[in-house]
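> Sequence:
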Amino acid sequence: MEKENFDLKAEIKNLGMTQKEFAEYIDVHMTTVSRWVRNELEIPKLVKLVLENYKKAKLFDEVVFIKQSF
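Start counting the sequence shown at 1; every next residue gets the next number (my numbering).
The hints are simulated quantities; they were obtained by calculation from the structure and are not laboratory data.
For clarity, every value in this text was computed on a predicted model and none was experimentally measured.
Incorrect hints may appear among the rest.
Here are the simulated BS3-like cross-link-like pairs (lysine-lysine), alpha carbons at most 30 Å apart as the crow flies [stated by the list, open to error]:
#: 1; residue 1: K13; residue 2: K48
#: 2; residue 1: K55; residue 2: K45
#: 3; residue 1: K13; residue 2: K58
#: 4; residue 1: K13; residue 2: K55
#: 5; residue 1: K45; residue 2: K58
#: 6; residue 1: K20; residue 2: K48
Here are the simulated distance ranges between beta carbons [said to hold, decoys possible]:
#: 7; residue 1: I66; residue 2: H29; range: 19 to 27 Å
#: 8; residue 1: E40; residue 2: I66; range: 18 to 26 Å
#: 9; residue 1: N53; residue 2: H29; range: 16 to 24 Å
#: 10; residue 1: M30; residue 2: Q68; range: 14 to 22 Å
#: 11; residue 1: K58; residue 2: F6; range: 33 to 41 Å
#: 12; residue 1: D27; residue 2: Q68; range: 15 to 23 Å
#: 13; residue 1: F70; residue 2: T18; range: 29 to 37 Å
Just so you know, even glycine gets a beta-carbon here, dropped at the ideal spot from N, CA and C.
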């Protein structure tokens, strides 16, 4: 994954999560997430997929909530 094209810190923040919450969500140590954010470790491709799926699930939940409101 190209580090310069992917801002993990911003992605986590956009989800409304802290780095600690994200680490718990994907079951890795918070230090690992911190090292990804600081570009000390390469971010696994799977992490990007998890983020994309989380965003889609969150959007789906919002759509269902809106539909149930009518």
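> Sort out which numbered hints this structure fails and list those numbers smallest first.
Numbers 7, 8, 10, 11, 12, in rising order.
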